[in-house]
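Chains A and B, in that order, are what the protein sequence lines are. Here the working numbering is used: the first residue of the first sequence is 2, the next is one more, and so on. Here the working numbering is used: the first residue of the second sequence is 2, the next is one more, and so on.
I should point out that these hints are in silico values taken from the structure, not numbers from a laboratory. Bear in mind the structure is a predicted one, so any value in this text is a computation, not a measurement. Be a bit skeptical, because a hint or two may be false.
If chains are identical, the list can't say which one is meant, so a pair holds when it fits in one copy or spans any two.
As a list, the in silico PhoX-like pairs of lysine-lysine whose alpha-carbon atoms are at most 25 Å apart [claimed, not checked]: (1) Lys-436 / Lys-421; (2) Lys-224 / Lys-590; (3) Lys-71 / Lys-244; (4) Lys-432 / Lys-533; (5) Lys-466 / Lys-53; (6) Lys-449 / Lys-421; (7) Lys-515 / Lys-73; (8) Lys-466 / Lys-244; (9) Lys-234 / Lys-588.
2 protein chains.
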Amino acid sequence: MKLKEKLGEESAADDRDVANLGSDGQRLYGHGLHPLDPLTPIELNQVKTLVKKSYQNVTFHYVGLDEPYKPKVLSWLSQNQHNNFLDPRRAFVMARVDSKSHEITVDLSRNLINSDKVYDGNGYPMFNNEEQTVAIDLTLKYASFIDSIAKRGLNLSQVFCDTFSIGWYGERNTKRVVRVMCYYSDGTINFYMRPIEGIMSTVDLDEMEIVDYRDRLMVPVPKADDTDYRESKQDPIYDNYIKGMTILQQDGPSFTLDGNHVSLGLAFVQCHYNHRRIVPKMQCFWMVITQHKMELLQKYPEFFCIFERYAGDVMWRHSEAALPGDPVEVRPDMTVVVRTLSTISNYDYIIDWEFKQSGSIKITIRGSTYTHNNQIEDEVYGTLVAQNSIGSRHDHFLNFYLDLDIDGDNNSLMKSHLQKVIVSDQSSPRKSFWKVVNEMAKTESDAKIRLGSGETEIIIVNPNKKTKIGNFIGYRLIPGSVVSPLLLEDDYEQIRGAFSNYNVWVTPYNKSEKWVGGAYVDQSHGDDTLAKWTLRNREIENKDIVLWYTLGFHHVPVQEDFPIMPTMSITFELRPANFFEHNPMLKVKSSKPRIGLIVLKNKLLSKD
Amino acid sequence: MKLKEKLGEESAADDRDVANLGSDGQRLYGHGLHPLDPLTPIELNQVKTLVKKSYQNVTFHYVGLDEPYKPKVLSWLSQNQHNNFLDPRRAFVMARVDSKSHEITVDLSRNLINSDKVYDGNGYPMFNNEEQTVAIDLTLKYASFIDSIAKRGLNLSQVFCDTFSIGWYGERNTKRVVRVMCYYSDGTINFYMRPIEGIMSTVDLDEMEIVDYRDRLMVPVPKADDTDYRESKQDPIYDNYIKGMTILQQDGPSFTLDGNHVSLGLAFVQCHYNHRRIVPKMQCFWMVITQHKMELLQKYPEFFCIFERYAGDVMWRHSEAALPGDPVEVRPDMTVVVRTLSTISNYDYIIDWEFKQSGSIKITIRGSTYTHNNQIEDEVYGTLVAQNSIGSRHDHFLNFYLDLDIDGDNNSLMKSHLQKVIVSDQSSPRKSFWKVVNEMAKTESDAKIRLGSGETEIIIVNPNKKTKIGNFIGYRLIPGSVVSPLLLEDDYEQIRGAFSNYNVWVTPYNKSEKWVGGAYVDQSHGDDTLAKWTLRNREIENKDIVLWYTLGFHHVPVQEDFPIMPTMSITFELRPANFFEHNPMLKVKSSKPRIGLIVLKNKLLSKD
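Generate coordinates for the entire structure from the input sequences, incorporating the hints supplied.
Structure below.
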């Protein structure tokens with residue numbers, strides 16, 4: 002899959018970067034800078050220049066912040082954040098040199114390479130943008146491929162190709178290759194709906210040459226009819242009876258942005274709870290999660306946004322008919338949303354982190370994916386969604402790395418089991434009731450949990466702190482759509498994606514355990530994954546822990562998904578559970594949404 | 002529980018009622034009137050007057066539309082709806098006369114009683130408002146009760162009481178009684194947080210006298226501190242940093258209201274799909290569900306609203322990096338929400354029916370409940386949420402009656418099983434894959450389904466109609482939060498609430514099977530409930546069927562729920578599944594939300 006990676010592209014320094022460097026070239030904190038900030042364009046160029054000094058023929062596959070020592074970050078957070086941050090700022094690089102994978106650490110402050118190791122394990126680093134482009138170009142210019150296209154009566158200039166990892170299915174020897182498959186864009190922007198079946202080119206990415214080419218069968222390319230989704234291409238097009246709507250913030254937004262630091266301005270954090278740093282720490286884990294994406298996206302500001310949201314929802318309400326005047330009290334649910342948008346070939350994901358005033362964080366994942374189509378007429382593989390097009394069945398599993406620090410660094414996973422109790426004596430007319438039995442997970446194997454029955458609540462608590470009346474301070478994971486994999490556990494794909502075997506896992510924080518499927522995910526044998534790390538069965542009670550949460554859905558395509566589907570959404574929530582002494586929004590003035598049907602004579606507003 | 006029922010209250014005729022009656026007093030259809038419209042205030046008075054002619058001492062417990070014969074309604078819907086509707090308009094009444102439950106049918110057109118039967122089964126009809134008020138007043142004036150209050154040093158004028166059904170726990174003889182329990186409102190509007198423990202009065206509702214009074218123990222009433230949730234009572238109160246927001250619809254709303262008929266103006270229904278009546282039928286089932294509530298609420302217009310919603314969500318999007326100019330196409334998710342709000346004692350429910358342009362209907366239930374507190378210090382029953390206050394653990398199970406008619410009256414339940422297939426030969430490097438096996442439910446027992454694993458998709462199809470390329474036309478139920486009861490199946494409460502034994506049930510449509518827990522729900526023995534009806538195991542394939550869907554959550558209270566909790570929300574979706582030939586919104590102009598940060602000099606907008 003060709004990610005929108007622009008690594009290595011030259012770019013001018015931006016003003017902020019220059020402004021925040023001292024005369025000695027050191028990063029000055031206290032200007033909206035944070036130790037977990039992603040690398041800046043200047044820093045990316047610095048890395049590139051340094052590594053290229055050592056190796057002339059190098060390709061970059063990952064360049065990101067080498068995360069500083071976490072206790073130092075926590076200590077910096079808990080102090081006045083305008084202090085300088087003393088750990089050196091470093092970059093971590095995954096590169097290929099002479100058919101070998103290198104892991105290089107660069108000291109950005111001292112402008113030198115700290116360490117350089119060759120990785121000799123299984124799997125390869127992610128594809129980068131340039132090599133995917135070259136692999137596609139090689140195929141498009143390959144004589145046999147040109148023959149194949151001509152034989153089908155297609156116009157080569159309308160052929161677009163994409164790259165696909167070949168996976169790993171038990172082969173003893175592997176090479177760093179990629180598969181190229183092609184589509185026909187004649188008459189549509191939506192070329193994924195027009196696969197050119199039967200042709201497959203395999204490109205060796207180290208040698209950069211085609212090592213296998215096949216033209217096995219010739220079947221009709223699905224028609225372009227009805228596949229182009231652009232509004233400008235619809236003919237006829239019908240009127241939409243949903244009228245326009247304007248959302249105004251007369252007084253401006255409630256959040257402020259200073260560098261990569263978002264101040265949500267939530268009253269309860271800033272004023273009422275003695276600076277207990279739940280949101281700053283939540284921001285930390287959020288930045289960790291999206292850091293990689295943010296690096297990829299820094300040239301694409303339209304793929305990231307922050308906005309306030311009021312959708313007519315209610316945070317809490319009550320009316321009281323028993324009292325004179327039927328008093329009604331309502332609080333609107335106004336939230337701040339941090340959104341990332343990413344397109345990976347024919348898949349689009351929108352991930353919202355919605356920060357509620359009640360302290361809840363609601364995460365919504367919307368997939369506006371459409372399915373890769375093929376023409377296998379066997380209904381075993383999918384649903385016929387249009388003439389000659391079968392929407393292939395597939396799964397979406399998403400894993401969230403949640404480095405929670407609930408009111409302190411050392412936390413525990415508390416499993417609250419809701420248990421049926423049978424009343425055996427005659428003490429009550431009831432025959433049964435339920436109680437809650439709390440169990441602290443001691444080791445990683447205690448924390449492998451398949452959800453689904455709703456009978457276990459997942460709560461991360463700080464076992465060292467209690468509320469005034471004695472409950473453990475905590476946050477609860479309220480799960481969303483619960484799915485389990487439908488493959489054998491020892492099937493190769495399931496070995497690589499073993500994080501989906503459980504919905505919940507907990508590990509002790511470990512800087513090197515960052516990606517659930519491992520760093521060398523292409524042709525991985527599954528040996529550097531969450532499932533393998535947790536076999537050590539480390540202790541997780543009263544430690545700095547990470548919660549890994551898997552959710553997703555099975556996708557059986559329907560015709561409505563053709564040629565592009567309405568978003569499917571799944572949601573989960575991190576909700577305070579005895580974190581506050583009582584409802585934190587009670588003693589805060591209610592925010593005032595202003596909803597009105599106002600017909601304006603002033604035309605100012607009708608400009609889009 | 003004292004419902005906000007205003008039955009029997011005198012009311013002036015409103016203009017529309019008069020306008021829509023012909024000179025012979027017959028209802029004239031074609032003026033926004035629908036055969037399933039709830040009774041009007043005039044009709045309610047007509048019923049009251051007629052029944053009071055037969056019985057001087059009568060109490061009304063339910064008065065609603067006696068639903069007309071469904072095939073006639075369907076035929077009226079499928080024709081020009083401006084035709085008259087020929088079935089007589091009737092009301093159904095549940096009343097108590099001389100300690101007997103009567104079921105009375107009134108012919109509103111001919112102004113006479115059609116039928117009058119005495120019900121001699123188990124259970125009693127719902128409490129009405131007047132008798133609950135009288136039962137409370139009797140208690141408040143009862144000499145022993147006044148003594149109990151004085152003995153505790155409380156001020157009688159600050160005591161408020163509520164009524165509670167006594168349930169049924171196997172007693173052979175029952176009487177129509179209600180339990181009264183009281184609270185102290187001194188210093189707070191939120192009197193449910195100040196239960197006066199140990200006192201219990203039992204009132205016979207037929208004889209209207211106290212039949213049992215107990216004052217068993219004296220414990221301190223929990224303090225009023227921090228319990229009042231009104232903004233005006235907070236001291237100190239803190240500033241909220243969430244600023245105001247205005248939502249404007251310069252061109253007015255997109256829906257129109259004609260009587261009880263909402264035209265959503267969704268382009269795809271009106272223009273593109275040959276008047277296939279999915280939305281009108283969806284409205285039907287919706288009206289059936291909320292009909293009872295609508296009748297109760299007609300004096301309370303603030304408990305019901307319809308609005309358009311745009312919350313920054315995306316209906317579908319795609320960006321294409323492979324093509325020149327990186328084209329991005331996005332459609333906003335603008336929806337129409339039909340909302341009901343109901344308060345039942347200390348529980349508040351907000352139910353949204355959100356109609357999406359894609360044909361999906363998303364139902365969200367928000368509970369802003371707070372828990373009835375008691376002082377039992379035993380942690381078995383709940384969480385200590387404040388001094389002397391334990392939030393009791395409890396369950397919320399909601400059942401939705403979904404009388405779906407997917408593109409026709411006769412439908413089937415299709416269970417799509419996602420099944421693992423093991424590859425036993427060497428034909429593929431894969432060891433397993435999954436396939437879909439569709440199974441049509443033949444009888445009611447085939448349709449009792451516990452969800453949770455995500456391995457069965459629930460689709461209501463029209464087995465008589467296929468799309469052009471041969472898929473059954475259908476709508477899929479995408480379930481929300483899946484919970485199972487934690488009580489024994491033969492426990493009395495579970496017998497009465499047996500609908501929670503399964504998440505999905507399907508029955509053939511039967512006018513008399515309207516309420517999942519039966520009509521006589523007070524002290525019910527569970528013999529007129531969904532669980533009992535389905536024991537007949539009727540055929541449901543290719544019939545006019547009803548889908549009953551149960552969802553909910555277990556509530557383990559936390560301190561944030563005190564003294565009133567932030568809403569907890571659960572959601573499910575009815576989503577087209579091969580109902581349309583392709584994504585229905587593709588050939589429709591995109592609606593244009595206008596989002597902007599506009600600082601206005603004109604002060605017009607800042608008026609609330």
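Evaluation of the provided hints:
1. Lys-436 / Lys-421: For Lys-436 and Lys-421, the Cα distance is within 25 Å only inside one copy (7 Å; across copies 36 Å).
2. Lys-224 / Lys-590: between (59 Å within a copy, 23 Å between copies)
3. Lys-71 / Lys-244: Neither, since 50 Å and 35 Å both go past 25 Å.
4. Lys-432 / Lys-533: between (45 Å within a copy, 21 Å between copies)
5. Lys-466 / Lys-53: neither (51 Å within a copy, 65 Å between copies)
6. Lys-449 / Lys-421: both (22 Å within a copy, 22 Å between copies)
7. Lys-515 / Lys-73: within (18 Å within a copy, 63 Å between copies)
8. Lys-466 / Lys-244: neither (52 Å within a copy, 33 Å between copies)
9. Lys-234 / Lys-588: Answer is between: at 9 Å across copies they meet the 25 Å cutoff, but 54 Å inside does not.
Hint compliance for this structure: hints 3, 5, 8 are broken, all remaining hints hold.
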